[in-house]
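All letters in the sequence shown, in the order written, are residues 73 to 659 by the numbering used here.
Heads up, a few of these hints could be off.
Now the in silico label distances, taken between C-beta atoms and shown as ranges [as the list claims (entries may be wrong)]:
1. Arg125 x Gly556: 43 to 53 Å
2. Asp259 x Asp133: 52 to 62 Å
3. Ala564 x Leu164: 44 to 54 Å
4. Arg125 x Ser526: 15 to 25 Å
5. Arg175 x Gly569: 41 to 51 Å
6. Phe115 x Val143: 20 to 30 Å
7. Leu269 x Gly569: 56 to 66 Å
It should be emphasised that the hints constitute simulated quantities derived from the structure, not laboratory data. Note that the Cβ used here is the ideal one computed from N, Cα and C, for glycine as well.
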Amino acid sequence: MADIAVDSSTRAARKGGRFRPSALWLTLPGALFLVAFLLVPSFQLLSLSVEDRATGAFTLDAFIRILNGGVYTRVLFNTFLIALQTTVGCLLFGYPLAYWLARQSQRRQRLTMLFVLLPFWTSALVKNFAWLVLLGRNGSVSALLAALGMEGADSLLFNHATVVFAMVHTMLPLAVVIMLPVMNRIDANLANAAGTLGASRAQAFWRIYFPLSMPGVAAAGVLVFIASLGFFITPMLLGGARETMLGQLIIMQINQLQNWQLGSAIAVMLVVTALATCFVYDRVFGLSAISQGGGGMSHGPLRRLGHYLAGRAGDTCATLELLAARLFGQGRLDWILSTYAWLLIALLLLPIIALVPMAFTDSTFLSFPPQQYSTRWFSEYLNSPLWVSATLRSFAIGLSTALLTVLIATLAALGLARTQNRLSGLVFLLFMAPMIVPPIVIAIALFYLFAKFSLVATDLGIVIGHTVIALPITFVILLATFKGHDWRLEQAAATLGASPWRTLLRVTLPLVKGGLLAGLVTAFLQSFEELTVAMFIGGGMKTTLPKQMWDDVLLQVSPILAAASVVVLLIVTTLFFILERARPAQR
């Protein structure tokens, strides 16, 4: 029977003397796009770092200069330290929140996730600008601490702790978003079964739940660490000279000193570190934990050590749980986790909410809360040709980026969802590569490439750069959409006489339109709030709204910046709720 089925499928595929090609060919446009605008520029950047500009000879002088001690070594160490501290902070503070969300009902979890995802989609520039005002010497946080008699209330800005705090605040929603799907797939009956066998809730958590959630924790850790390596907005706005990170050095070497060799060498070190992190992650956990949210740790000594430590932690927490139950009564401590979750969500929303009254100040300087309220700065914003043109350009570039990204990602996701062969894993890694390479490296690599083709200071160049950065997350959304689609419906339509085109319009597209809309909105948001590509490829002439806001922060912090931030927040919030409305259809 199996042979008959194979023969019939083969004859159907070759009906009329034609052979149906593999669906994997649909990934070819996206693969060529990434080769042209990610791999080739990255290799050019590598060649720049090892080439003497005067003689063209091979040299490692730039890398020796970085690793030979001095300021570059200190900045390198500081970057790794801040990225590691940010990762640990996101996991420590984000895991209880994700665990609490996973225990909620589906409806309540979804409503609560709105408050977690809104800070996730709000740009780091907007949030860090709000912290700049709130944590300033005359800010409300400093005033509160001074009223409580705490020392150091006037020195909250421009130090290491503030940089790490702001970066954890920025990256924590990402960690929660990655960990939550893995926790949602853990069968709650496993803990109940452990309870019937005599295990306490703490023992069931540490011995069963925690090991099963480790793939999500590891995936969140590696992506947060890689993203933190390329940060430059937070340390530049909230940190001092001692908190300089590699991203700031790259900008200084290339934009200000025009030292491409040293700037490229620093960028290469960022990429090598990110790739090394992914390699270690793959050896320990497997990349399937990122791609599917499943998988697990390799069956080696690390996994056995982890289970042993989790078991000991479970025994310790079980003892503490028994002691607390005797002191306070069984079940009376559940409110602690809920209180923690809501306090953390409130902290995530604080800089976003604080921006709104700042924009309505009547003063020429920013403060929270403002002394008097006025719409003066919104009028200034709407009457400024510079700000209006930057906003309109961001809309045009964002829409173009969204359409191009969805077109490429749809073809690639469809091809990968309909194909299972050895090349599928490599194709998936290629489309996830822009998420591994820090955006600042992508920006300077494209800047060097586009300079040869007169694409610097053009909208097309910015659109291409934004598409490269927005492609991975859009691709993942559409891949999940197509993998969850029931393809037997297309076969049923074909047996009823529907043509492929009619099946596409009447069956496939209506069923996947939620995923397509989610991908479109996601790509638009990625482009609308992206700063790095606009800084380099814009060339100072094609100014987007984030770039204009960045220039205003560096030159003068005026209330018009707060008004622009509120406009950005309104746009992001509107599109965010459109994205959430599309999610049921996507599932």
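Hint check:
1. The supplied range of 43 to 53 Å is met by Arg125 and Gly556, whose beta-carbon atoms lie about 52 Å from each other.
2. At about 57 Å, the beta-carbon gap between Asp259 and Asp133 stays in the expected band of 52 to 62 Å.
3. The hint said 44 to 54 Å for the Cβ distance between Ala564 and Leu164, and at roughly 50 Å that hint holds.
4. At roughly 22 Å, the beta carbons of Arg125 and Ser526 sit within the given window of 15 to 25 Å.
5. Judged by the Cβ atoms, the range 41 to 51 Å given for Arg175 and Gly569 holds: they are separated by roughly 49 Å.
6. A hinted range of 20 to 30 Å for the beta carbons of Phe115 and Val143 is consistent with their spacing of about 28 Å.
7. For Leu269 and Gly569, the hinted distance range of 56 to 66 Å is satisfied, since their beta carbons lie about 58 Å from each other.
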